[in-house]
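Colleague: Guided by the hints, dock chain B onto chain A, whose structure is given.
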Amino acid sequence: MTNSKWRLLLSMFAVFAIMAIAVACGDDDDDNGGGGQTPRTEAPSGTITIGATQFETWDPHFSDFAQDISHMVYVWRGLYHLDLNDQPQPAMADGAPKVSDDGKTYTITLKKDLKWSDGQPLTAADFVLGIQRTCNPDNAGHYQYILTNIVGCDDYYAAADADAAKKTELQNAVGVKAIDATTLEVKIGAAQPTFPTLLALWPTFPAPSHKLATVDADWPGPLENVYNGPFMPSAYTEKATMELIPNPNWIGGNVGAAKVVLKYVDDAAVLNQAYRTGEVDATVANKPELDKLKTEFANELQLYPATRTIGLEFNMTKSPVDKAEVRLALSQATDRATMMKVVFTDANTSTTSWVPPARNGLKGGEYDDILGFDAAKAKANMTKAGYPDGKGFPELTLLIVDSATNKLLGEFLQAEWKKYLGIDLKLEITDSKTRSSRFNSSDFQLVTGGWQEDYPDPENWFLGLWETGGSINKVLVSIKALDDAIDKARYNTNDEERRKLYRDAEKLLLQEANGIAPLYHTLAAMLVKPNIKGMVENKRPGDTFVPGDWYIELWTTSKK
Amino acid sequence: MLAYAIRRVLAIIPLIFAIATITFFLMHSVEGGPFDEDKPIPPATRANLERRYGLDDSLPVQYVTYIKNLASLDFGISIANNRDISDIIKERMRVSVQLGIAAFLFATTFGLTLGIVSSLNQNGFGDYFGVFVATAGAAMPSIVLAPLLTIVFAVELGWFKVLSTNYGFTDWFGGDFSNWKQVILPTIGLGFLPMAFIARITRASMLEVLRQDYIRTARAKGLEEFGVVIRHAAKNALIPVLTVLGPIFAGLITGSLVIERLFAIPGLGGEFVRSVIIRDYGLIMGVTVFFAVIIAFMNLVVDLLYGIADPRIRY
Numbered sequence: 001m002t003n004s005k006w007r008l009l010l011s012m013f014a015v016f017a018i019m020a021i022a023v024a025c026g027d028d029d030d031d032n033g034g035g036g037q038t039p040r041t042e043a044p045s046g047t048i049t050i051g052a053t054q055f056e057t058w059d060p061h062f063s064d065f066a067q068d069i070s071h072m073v074y075v076w077r078g079l080y081h082l083d084l085n086d087q088p089q090p091a092m093a094d095g096a097p098k099v100s101d102d103g104k105t106y107t108i109t110l111k112k113d114l115k116w117s118d119g120q121p122l123t124a125a126d127f128v129l130g131i132q133r134t135c136n137p138d139n140a141g142h143y144q145y146i147l148t149n150i151v152g153c154d155d156y157y158a159a160a161d162a163d164a165a166k167k168t169e170l171q172n173a174v175g176v177k178a179i180d181a182t183t184l185e186v187k188i189g190a191a192q193p194t195f196p197t198l199l200a201l202w203p204t205f206p207a208p209s210h211k212l213a214t215v216d217a218d219w220p221g222p223l224e225n226v227y228n229g230p231f232m233p234s235a236y237t238e239k240a241t242m243e244l245i246p247n248p249n250w251i252g253g254n255v256g257a258a259k260v261v262l263k264y265v266d267d268a269a270v271l272n273q274a275y276r277t278g279e280v281d282a283t284v285a286n287k288p289e290l291d292k293l294k295t296e297f298a299n300e301l302q303l304y305p306a307t308r309t310i311g312l313e314f315n316m317t318k319s320p321v322d323k324a325e326v327r328l329a330l331s332q333a334t335d336r337a338t339m340m341k342v343v344f345t346d347a348n349t350s351t352t353s354w355v356p357p358a359r360n361g362l363k364g365g366e367y368d369d370i371l372g373f374d375a376a377k378a379k380a381n382m383t384k385a386g387y388p389d390g391k392g393f394p395e396l397t398l399l400i401v402d403s404a405t406n407k408l409l410g411e412f413l414q415a416e417w418k419k420y421l422g423i424d425l426k427l428e429i430t431d432s433k434t435r436s437s438r439f440n441s442s443d444f445q446l447v448t449g450g451w452q453e454d455y456p457d458p459e460n461w462f463l464g465l466w467e468t469g470g471s472i473n474k475v476l477v478s479i480k481a482l483d484d485a486i487d488k489a490r491y492n493t494n495d496e497e498r499r500k501l502y503r504d505a506e507k508l509l510l511q512e513a514n515g516i517a518p519l520y521h522t523l524a525a526m527l528v529k530p531n532i533k534g535m536v537e538n539k540r541p542g543d544t545f546v547p548g549d550w551y552i553e554l555w556t557t558s559k560k
Numbered sequence: 001m002l003a004y005a006i007r008r009v010l011a012i013i014p015l016i017f018a019i020a021t022i023t024f025f026l027m028h029s030v031e032g033g034p035f036d037e038d039k040p041i042p043p044a045t046r047a048n049l050e051r052r053y054g055l056d057d058s059l060p061v062q063y064v065t066y067i068k069n070l071a072s073l074d075f076g077i078s079i080a081n082n083r084d085i086s087d088i089i090k091e092r093m094r095v096s097v098q099l100g101i102a103a104f105l106f107a108t109t110f111g112l113t114l115g116i117v118s119s120l121n122q123n124g125f126g127d128y129f130g131v132f133v134a135t136a137g138a139a140m141p142s143i144v145l146a147p148l149l150t151i152v153f154a155v156e157l158g159w160f161k162v163l164s165t166n167y168g169f170t171d172w173f174g175g176d177f178s179n180w181k182q183v184i185l186p187t188i189g190l191g192f193l194p195m196a197f198i199a200r201i202t203r204a205s206m207l208e209v210l211r212q213d214y215i216r217t218a219r220a221k222g223l224e225e226f227g228v229v230i231r232h233a234a235k236n237a238l239i240p241v242l243t244v245l246g247p248i249f250a251g252l253i254t255g256s257l258v259i260e261r262l263f264a265i266p267g268l269g270g271e272f273v274r275s276v277i278i279r280d281y282g283l284i285m286g287v288t289v290f291f292a293v294i295i296a297f298m299n300l301v302v303d304l305l306y307g308i309a310d311p312r313i314r315y
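From first to last, the protein sequence lines are chains A and B.
Position 388, counted from 1, in the first sequence is what our numbering calls 388; the numbers after and before it change by one each time, with no gaps.
Position 17, counted from 1, in the second sequence is what our numbering calls 17; the numbers after and before it change by one each time, with no gaps.
Looking at chain B on its own, in the form it has when it is part of the complex:
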């Protein structure tokens, strides 16, 4: 498995190079640049700004410079605010990862539970409830759910705050839980859709596994139902769920424009979209490359987890 993992890690390098190259030229082929402001900038100012950020060089020169810098993990400076892009990604990612982990825990905990409960009560109340929640989650995008949560639980009931501008769990490790209220609504807002997805897959997979001969055998051997469900059924039913958990986790920790915007969370999702809108070339490149690494890495982790979940899989 180690050799396989090393091979896969090495394969990520040309992948990142290809993504960086395609993104670089696509980005520059889009009309409008960072200094095309609503209010026009005088030509002398524009020339100095382009020089300041190295945009006065020809595109091939800019590309070579970028790739050279990327090789030394230097993402450059953001045109929007003159800050080091690595620092921006680190700061935003810290927030997005925390939110993503919370949403992932919410989605997997509730999703798996709902899926298992539904499958064990097929066509019963538990099943209908689980299917209802899963369908509602799939049908209600976060752009609808998040304002709804805010209006009901923050504005009307006053249980939570609207703004999560100080979003983060860092102080939790120091025993300060005073910001816990900021976590709940964004977590539900972000985690509800994946929760519904996980619940549906878990239910379908469980229903298939529960009909297998070896489950009947386990019951016939006199094993208690909890052991049958958890040890024998759920473990095997988990493989298809595991397939989607990696991309879901990668998607959740890399930020969400909608949730970050609607709860005022300073994460990477909003930053990425903003960088595209304002043509902050360095930041677009930096975040794209970073996302590519995360997603490639998460796919690798999932592939490796297959081997743990299903011993028949060999590398």
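Isolated chain A (complex conformation):
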């Protein structure tokens, strides 16, 4: 090697040394603002930066991921919009739907002069295309199952192997059509009280027919697509950032912020550091740090119930948890209150209910007597099951996903059950996909798992989950009375009666811990700077990534 090459090497060293010195002397040019408040003006102003999770897909008719849906409501809106009480309110629709006497035909009139962000008219045909895309077998939308009541949707979805002509025929047979540019008609198989709610959700969002040549055409990416929501992307780099600016054709009037910047970061701990330095205005809180955050950000930490229930899920066909007494004993030998403190540092709330109380009109605690911690009852049930003091108890394995918290949970259960029941619990720790595969094929005795709500109704906590042969009934529960209650509730148009039937169904489910013994409802944990308004005020239980994400148009910031 020549001298000149070595000089180059030494020069590089000098450059690094100079840069290090420059850094040490550099000014911080990031002024985080003082958190002061300015009155909201009519014109959008200020930039709000959010620590977000990268979406998987941009297609509302395909996706099923919570972070995707969080994005989609920023830029698209459906016929209806869920208010803070989870009631559908008109969004693109001009008023409530007209429902036929038999409850099977919905006629919806659109607001006048609706436009996409590119200025093209937004018509009823776009809503038709949106629903058809969700029912399209080639698109394979994850949430087709919530539209199963729309006439012809299931038939179309099941026709993956049909030829093109047959698929077109089935597409046209889907019970949704544009009567004219501003009138939409949807036909459903049976009167369904929750159907208006479904018309507020992403699987029924409109698709721009002027951008998509066919129902199975590729969904355009963020910068190529058009939007009818309050904001639209102006810049996007995958895994890095997205910038949203107000949609000039948004029907809802002025929005609050002039720009919303999403920064995609996988690690909540990193996001919390960025929150400390003022690089983001809002982010999810890192739950393992919750104790520290409660002190550090006493006025900025938001903890609120999320619509998610986790419990011990029992395979009803596997010994020994096929015995009701064993299931009850395991539930009763679990001190949930201590678990919340020791395992979850109060980042969740203990429960014995399956449906979060807010969803079924109950207060919570209704099943404490049956499933709650009671060492004496637990012991008695174990004896009744034929295993006094745990003697002769078969091997029991808990399948859990590999994480620090889960391991702690497993160890907690091992200690509790050994102490109160005299049994040994074996832990099988796997990665998440292996756990899900084993769960999906019902190849387990005991897992920890549960449900995250898709839409705000008790119906969503039962359909497919607990009926005999239900499409996602992996714990293999089979109880005739439970089947009947769910069946009767589904198409019951008397709302009070319907909700009561779901409460009855919950009782049938939990009275013997059939398939599940609930342990806790999760809490959403968010950090929001005081200069941001509209997020905390409009948060809903489903907002697990960003608070108030269905109300992005109301967010404001006093930081310029």
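These aren't lab readings, by the way, just hints derived from the structure by calculation.
Be aware that a few hints might be false.
What the hints assert, rightly or not - Listed next, the stretches of chain B that the computed footprint assigns to chain A, with coverage defined by at least 3 CB atoms under 8 Å from CB atoms of chain A:
#, segment
1, 8 to 19
2, 39 to 51
3, 59 to 72
4, 159 to 165
Note that CB positions come from ideal geometry on N, CA and C, so glycine has one too.
Modeller: Here is chain B on its own, set in the frame of chain A:
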């Protein structure tokens, strides 16, 4: 040398084929697939999804299809986000290469300097300092060092940003250096361990070479010390260092899960690990094959560099 290089390049083809085959069957033998979600998917949806991504075919059919596509450099579509895998690799690699090059320059510049300074001051302050830094670097994994750098220099002192989500040097060529602060901490975080490694090897190698007769001869001839050290000692001491530089460079430019995650850098290391976790079969295959090509190529480059560094080596 050209014939040797061509032979080595051709040998990479069956190597890649073997790696692709082993990875394909290993990947499919692991329990759990891309559609095994935490929240179960209804059977009808699962069937349509499998059909959409060609996973409804038998494994041998999928394998033949994959190899055929691979031969035409078509890596397929990512199950996770429906994007072309070649595009994903290109985008992520662009970031990882930039970070890797920065870390490599940092590691070699400081590593060689420390190693040389240590060897020239054996058992003196310079040596103790060099050995201390090298030992600290080897003992402190990036998962410890990176958060430490963030807490001290970003959170407490506020000199840098925590997030490097817009990481990249592209604008530097256009004269825009506004993102330079994003580069420093990840570069140190990623480059510190290889720097320590290079420093230790350089020191050991230099100490051995400095005791050789030809060094004494060079000094006896009256050559100035700088020339002796750089031209005669360092040049020969570099051969063992060169051996490790190739794999180090390949390792650095192919991304680091830890550094990318802790500094929020959208690189290939994190993408690869994620693809395995979520069973994104196409992406696992694409990245594995890509990594294999890079590493095979870097080994070839190092072998060729031996010939330049040591004229006694002939091909």
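Colleague: All hints, please: hold or fail.
Modeller: Right, here's what the structure says about each hint:
no. : hint       : verdict
1   : 8 to 19    : violated (count 0)
2   : 39 to 51   : holds (count 11)
3   : 59 to 72   : violated (count 0)
4   : 159 to 165 : holds (count 6)
The structure fails to meet hints 1 and 3 from the earlier list, while all remaining hints are met.
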